[in-house]
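Full structure from sequences and hints, please.
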Amino acid sequence: MRNDTRTTLDPDMIDMLRSSLRHVLTDESTRPLADRLADLGWKEVVDTDPATALRTLFEIKGDTLSGADALGPSLASKYSELTGASSASVSIGRPGHLTLVDGSGAENEVSVDEATWAALQAHGRWLVACELVGIGRHVIASAVEYTKDRVQYGKPIGVFQALQHRLASAHAMVVGAGHLITEAGLDGDPWTATVAKCMAGQTAEFACTQAQQCYGAIGFTFEHEFPAYLRRTYTLDRMFGDWRTLEHEIGSRLQATRLVPRIGSL
Amino acid sequence: MPALAADTFATPAKYAAALADFLASDPRAQPYVGYRAPSLEHAAEHLRGFQALIFDEGWSRLGWPESAGGLGGDPRFRAAMFQTLWDLDFQIPEPFTTLEILVPVLLVFAPHLADELLPGLLRGDDTWAQAFSEPDAGSDLASLRTRLEPDGDGFRLYGQKVWSTFGHLSRRSVLLARSGGPGHKGLTMVLVDLDQDGADVRPIRAQDGENHFSEIFLDGAYVPRERVIGELGQGWAVAMYMLQWERGAWGWLQQGRFHKRLEQMLAWAPTDERHSASIGHAYTLAAALRLHTRDTVERLAREESLGPEVSIDKLLLIDAETATWNTVREHLGGRLETDPDFHWLFSEYMFSRAAPIYGGSLEIQRTLVAQRVLGMPRD
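Heads up: the sequence lines are chains B and A, in that order.
Heads up: the first sequence begins at 1 in the numbering used here, then just goes up one per residue.
Heads up: the second sequence begins at 1001 in the numbering used here, then just goes up one per residue.
Some clues are possibly wrong.
Unchecked claim - Stretch-level coverage of chain A by chain B, calculated; a stretch enters the list once three of its residues show a Cβ under 8 Å from a Cβ in chain B:
#1 1075 to 1082
#2 1278 to 1289
Stated by the list, open to error - Among the chain B residues that face chain A by a calculated CB cut under 7 Å, a handful are:
#3 154
#4 248
#5 263
Since the hints were made in silico from the structure, they are not lab data.
Beta carbons are placed, not taken as given, at the ideal position from N, Cα and C, and that holds for glycine.
Right, here's the structure in full:
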């Protein structure tokens, strides 16, 4: 995976990590995710390369459609990093407000300063963007497999340019989004996280549309895996600003400042 | 004597900062700031002075090997130069595009030609074109028919090339011809001098009104043996090697343009809330292109061999180019098409419509990604 060149973890380590995360995120255990991750030696991985670790976790979450609550605890870690205060889970409310959840499940609404709130929103945008990219990759890969198996007119339907072009253009967007989430993880800049989320949202939505078309009617059934990925795409896109709203926000910021930031440098 | 040496700048970023200082303060650079080309020919003539200046002062020599007249350093320095030129509103002389695509090929397949010819090319004293496509061989390039026939110590070319960028302003051209049997195995890459009997170059006026490309009629044009690039019959491999440079370097150069044009557009027309989504859309795609092509440039700098995934560079480029120019047109309104002060920009807009066509069409790139990257089945 090209994007993984910006990591300090070696490739074998990343492969092992992906495998283990896949297990952890899909097992039926009721133990908190934090405990199951601790069993993997997660802390050490995060300490070595937090950007790659978290990005990988959330991409696989998207890929597997895992329902594990990773976001709340991740925001809590970030909150702790920013303020020193600990919490089991954090959710983001209206600007300046957070809800902290402690180990027993008790909730407590708190006010934080603008900068802290913005940093947490950026973190949330980034993580959800990673999950959206995981979904995008998955639906494309699954559709590719389907087009190899489904035969019509005496050929696997994947030979037809119409379908090849749909999935190829979706793949290009996923690659582009992959670079943005990687950069957002490395620079920690709320602006980059916003652009990453914007790209990830439209990428996942586009990938789903193209995959849906490749599947035809069978992908339209509730029991097929595809509709679940589509629903999750919509849910994730809505979190911390859907991509259409973010396009407005990004454009408005450029218009107001007349500055066009160059994300990433040589 | 150039003031620069390969070890003067530890990083492309430091080099970029030093170049920016030079361009901002040196009086010889001032005639070129904010230059708006009234025509392609005017730009070619005017910018030769700029190309010579940055060569003589050493700036454009970084990123090329010393053996070929460069000052050492990897391709990221060249990428940093392009970025700096865009940021400071300098038009990039057209020959640099050609250099990015053709010189790496020479360095690998014909280093003797690189050593001999690169300094003149880099300075702008010599200009080159590329000649691959033919009237009957566009997307299906391997079916090309121009013949390379042995003649004494060299060869002669017979046939016709088309879409040769900058052909009518070029002294020589890199050219792909058929030296053997049919298909891609019978092809050879050569460097042919265009200022000889047997080579007739005729410009073609493009959609934007400019003579971007030419036809080249070849009727016995001579190619000395030492001007063969690579081996006889190795032409296709040479062309494939060239592609990764075309996709990567050009993509990085273009993202510099898109970011700059978005910035300029905001200054040239009043802001309107209705345009914010389209601006955000173009910016997001330009950012994705920037990060992707930065990755490509860095891989090329590490001398990695890039595979079929370079087609993704082209797809991201097309998306970003289309969105950027659509936004520019939307934002400027009718002034783009009618205001004489924007004539140069409208030309650039009209040329941008070719992005999904040249260098391997959008459709070809999608098919390559589908089959060779995604592994979709072939008919």
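Here is how each hint holds up against the structure:
| no. | hint | verdict |
| --- | --- | --- |
| 1 | 1075 to 1082 | holds (count 3) |
| 2 | 1278 to 1289 | holds (count 10) |
| 3 | 154 | 11 Å, violated |
| 4 | 248 | 5 Å, holds |
| 5 | 263 | 5 Å, holds |
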